[in-house]
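Undergrad: Okay, here's what each chain looks like letter by letter:
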Amino acid sequence: MSTERENFVGLSSALLGIGKALLAPSIDPIDLPSQFLAYIRPKLTEAQLNDLLSQYASLVADQQSPQQIARALLMSNGQPAATPAAKACRSIMKMWLLGVWYQPYDASSFKAGQQWVVSDLAYQQSWAWKVAQAHPMGYSQFHFGYWNETPPSLEAFTGVPAKGQQGASS
Amino acid sequence: MSTEQADVVIVGAGLAGSIIAYQLGLAGIKVLVLESGPSIPANRTQYMERFYNATLKTPESPYPPASNLQPPLYPQLQPAQQNAPRPTIADLINGWKEPATSYLVQKGPEAFTSTYERVGGGTTWHWVATCLRMLPNDFRLKSLYGVGVDWPIGYQDLQSAYCRAEAEIGVAADVGDQDYLGMTFPEDYQFPMHSIPLSLVDQRFVSALKGRSFAGMPLRVSPTPAGRNSEPYAGRRVCAGNTNCTPICPIQAKYDATVTLNKALETGNVRVLYQTVASKVRVDGKSNISGIEFIQYQLGDGPPTANGVALGQRYVIAAHAIETPKLLLNSACAEAPKGVANSSGQVGRSLADHPIYLAWGLMPPGQKVFPYRGPVSTAGIESLRDGAFRHHRAAWRIEIGNEGLNWPIGDPYATVCDLIDGKKDSNTNPTSLALFGEDLIRTLNDRLTRQFRIAFLVEQVEKDPDHADCYIVPSSEYKDGLGIPRPEIHYKLSDYTKEGFKQARQAATYIITELLGATELTNLKPTPDKNPGFFIYDDEPYSFQGAGHLMGTYRMGDDRKTSVVDNHQRSWDHPNLFLVGDGVFPSSGTANPSLTIAALSFQAADVLANELKAATVTVQANRPWQGTGVQLNGVSPRLVRYVGGHWSASPAGGMVDGRGNPLYLAKPGYTLPGASEGALIGRVGADGEPFLIGDLAEIPAGRQGELQLCINDDLDGRYGVGLQDNQGELTVRVEFGTL
Amino acid sequence: MKKEVYRPGPRFGCALCGALLSPLALALAPPDLSSHIPYDVAVTAPPTPTLESLQRDFDVLSWQTFIALNWPAQADGSPGTGPIGKEDGPTVWESWKESYQIFRAKGEKPLAWEAPAILPKPCEGLKSGRLLQQMGKVAGVLDEFIQPFQSGPLVDQSGTYTRNEIVVNRPMFNDIVDKGLYSVQGQQAYFAASPNNRVAFSCSSNPHQKLGAIMVKASWKVLDGNDQRSRFHTVDALVYTPGNSDPTHGPIVEESCKAEAVGLVGLHIVHKTALAPQWVWSTFEHVDNVPEKTTPPEQRKGPYLFYNAASPAKVNEPPPRPWNPAVKATPSQIVREIPLTEAAKALNSTYQALLRTANPQSVWANYQMIDTQWPADPAPDCETPSPTNPLGSPAPTFLANATLETFIQGTVPQASSSCMDCHNNATTRVTQNPRTTFADFTYLLERAQSTGAAGSKP
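Quick note, the sequences are listed as chains A, B and C, same order.
Just so you know, we're using our numbering here: the first sequence kicks off at 283 and counts up by one.
Just so you know, we're using our numbering here: the second sequence kicks off at 476 and counts up by one.
Just so you know, we're using our numbering here: the third sequence kicks off at 10 and counts up by one.
The hints are simulated quantities; they were obtained by calculation from the structure and are not laboratory data.
None of the values given here were measured: they were computed from a predicted structure.
You can trust all of the hints, since none of them are fake.
Simulated restraints, written as ranges between beta carbons of each label pair:
1. S347/A x E351/C: 37 to 45 Å
2. L548/B x S347/A: 42 to 50 Å
3. K310/C x E328/A: 41 to 49 Å
By construction, the Cβ of each residue, glycine as well, lies at the ideal position given by its N, Cα and C atoms.
Okay, chain A solo, but in the shape it has when bound:
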């Protein structure tokens, strides 16, 4: 029986296509998943969060692939679904990619459309920049002159090959 954190990581991984081991390494000094869970609980409401994670857990139990799970949660007739769960999922995706929380619906004092940076570390670790084979603006670990050279591949950064094959060169 998976923990809440495990379900959240699994859900995030399915939605984003980025491996669980990358989103939540086993030795993790920052531990974004726990931070994110604590952050979104009041913003989604406890009930909606539990509901979402239960839905995810059921889909896993039904042996659905990550692709199928994501589609089931996000889409409806090929269009983005308008359910609270779907909206929450899209906000979760943006949170991982940008470090910003886009409030998906009204919940207590939070209004749909509001946005906040989750934390400085969430920004530092956000994934959109790795998807760009770069780094967040304001946080570079690279060395002088790196911009003159081709970066490591998308697969090296995210585990997702660029052209749908392993070992794609860009």
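Starting from the structure of chain A, add chains B and C where the hints point.
TA: For chains B and C alone, kept in the frame of chain A given last:
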């Protein structure tokens, strides 16, 4: 009311104020700086934390006072409640014509879209660090092209000052890349650091533009000289490509004026009073400045806590091109009814930005250029900055951006949201795909890695420079938290400038679609509701962005009737007042102004140092080495200048000036063998190596000690009677400055 | 290499009761007083270590290394009989090569490892002592610029600046000398010789029983009448201030040299190992240095070396400029921003008790480990930085020594002290491209000077 005193009082601890404070402090002059904003912090953590947590990451986002897009929630942050407010991008978004939320009271018809900071270190906290020199022809717009105003000085007048500015800031560039369009450098000149490597975005432009031209002029990509460390320099780290120059470099690899201000403090002769707002300049009955009143506060939105007046022998106002005229005009009094320094009526007039035409796109599929890497900009297209076209339309330079579509559309945020939500606001998702999983990652990668933007910095020239359409006056209605009238801005771009925009749009589309083969995403039909900077020209709508450059509002000239300061940046009206910064620019050219601000500041500092500390001495012909009493620190550049008198080293040589008699060359045993007999020779310290002065020379750098002078003659009487038959004396001045 | 292992008295001796009965201590092998420098971290919970278990393993590595490096040394620098702390005296690491002896004014080749240090002129003729010249993070003539943001000097309660020094062990010294990295021209030649040449110091390795690169940075306080000398590891030092008249190079100061007794207040130990190619960053402080920020002011029992409960001064602010060490300055008012973890405190108690078994008055029991930073996602080898995660996910994310990163403590990415984040920005003097730029986490290579050879830029 307290009184503060110093030899020189400076208003503003930004780039200009810091350089002048530093140079004067080195010269042993006591300086007091009044800075309206908070002090240089012990570290960058607060500024960086603000940056990380800002959803709107504008140039101002790290710095106080905080800006926000929900004014009703933050009444205490509004300009009327703040003690040192300044314009922000949020002001423009909230409503540029709304004085309740906009610091600048904008009367239009067009919006002024640039911003600045009011903190210790000034706007250099958030500049990109582009350090271009102005072109020689930029100084002569009127003579050459019949538009604008000529400067009273030229490029060569600034040559050594540019070099000093480049050393102080720490500029990374190679001379071989920079000697275009008439720019020259001293022989064997090397920039302090080697050039910064081009980005992959730049390289794409280099290959696409090879051999191409626009409007008959070659399109050439040049690396941009930058105040950014490409090597360890002056104790700062090397650039790690954080791609965050604007708004803040996390590791201070980019120069900011706190570097110079801290050096000023190290001299032990400079004091800075922070959170000290200059409120009024006093003028006495003899047209001298007699003090600068100030108000102090502790909290940004709190009450004033003290007030006082700062007294000095000389006054320098270095508060940038909106705050400086605001202060001068707010100080109108019986002795200066049109405002301090304003007999010409030109204070506050000819407010100029480099309004920017922004163009952007996506490289063709498969052609990744990997933006979001490296400094925000590493190269530009500089080859179109000058030419005969300037008779008819504004010139521009093109800055190539490395930060993808961050500026034009707020990426990666916009594209991420579009691809997840199935929208197309970003224009990078034309078919409104709604994606997830690996498809999302691959598509996002495809979109982000092909992004680029270019910015055309357009020269802004008034149609009638003596009756400017762009100007700042103090608002008669709106004040800040201290009760000081805020700037009221009138802004209208001339057709000359707008024609420059039209050509920029054509060049952009040509470069993007034809030369790069890319998809142009520039919004060619902008609307005023989404774009505060907006005008219609030739029936086409244009939007413009601010470059963060404010210039022109107290211009220098050679005629007191049409200019505010002379070529020394001294007020025509008040001999003990200097106005510095890019408010002195009579025309702006297309170069980012900071390097020129820095160069001019070195020159103003020399003038001030000479007024207070130049020494005039006499040197006797018939005595050996004579001390001048002038102690050299080996750091400030110094000159020795012949003023008058004649002397002789020998009856045969006759009475000569400092150059001596070239027919007779000094022999071994003379003061300086090989130089003309009777020439003026100097040395630093009793065991310093003698050097030739002649009539005018720079004292060799790096030598500390007392300056000593002597005639070039047979000191030991080896060949005859030596000095005994010498006659006369020279009068000589020991000054600050370079040749 | 001679090594001594000191074992405490019978395990159940009452002196050790408290330490050994703590749950953590019972679960693990007892720590040793040993002069053996561990080659690498000993991972105690394979195959599934956790963040916490690894942190403890690295912390143990830190303490064992601290003990071995501070072991009393013989004249040739090798460890003596000890045990550590029985008497205070010169330590093993104090025999290592000082940075100013490696990076010389005209890029000259350093003297041999055994050669004595060359003293600056003003220090000649004074009674012999250890040369100290750096002033905290003040931009000095030769160095200390390279620390971030020229943050400021640390000033003790008597108004005197603390002084720092950096030494490297013999393997690291050899790496520098053998590759010619001690001069600008040497670095240029090294990178030009092969497109594969990069700076990569040698790793210590357990399988190969080989010691790699270790660098040590120490901060010292001048001992005066207010200090209880017996609480410090003390050294007779020559406190040297290089002269400078150009503010571009730092504060304007006259050259001077003074013989003073100094006490150790801070110690960085940085060790490159096969399991941590981004190095292991251990840091220690004197227990009397500063209170923690989280301790309420009225509970901050002193006396502290860098904090005065009665002072109204704003905390963690550098003194006003000019920063001239010859002039008495405002004492620094410092607090520790990030408190020690409970695990760190417990381990400190264990080791301090252990040190006291050799001598109840051991000066070394007055030192504490602040924390250890290590890469949670280490580079695959000792030669090349990880391409997509050069830092290797530092654990913990932030770390600061209150005497060495005094004014940049905190938890803001890039702006607050993190050993690896900051040291990753270190470069060589040959910044052409990433390969030639990367200095393997040490700022020392920026100190290389030019020989003045033709064609080179100074």
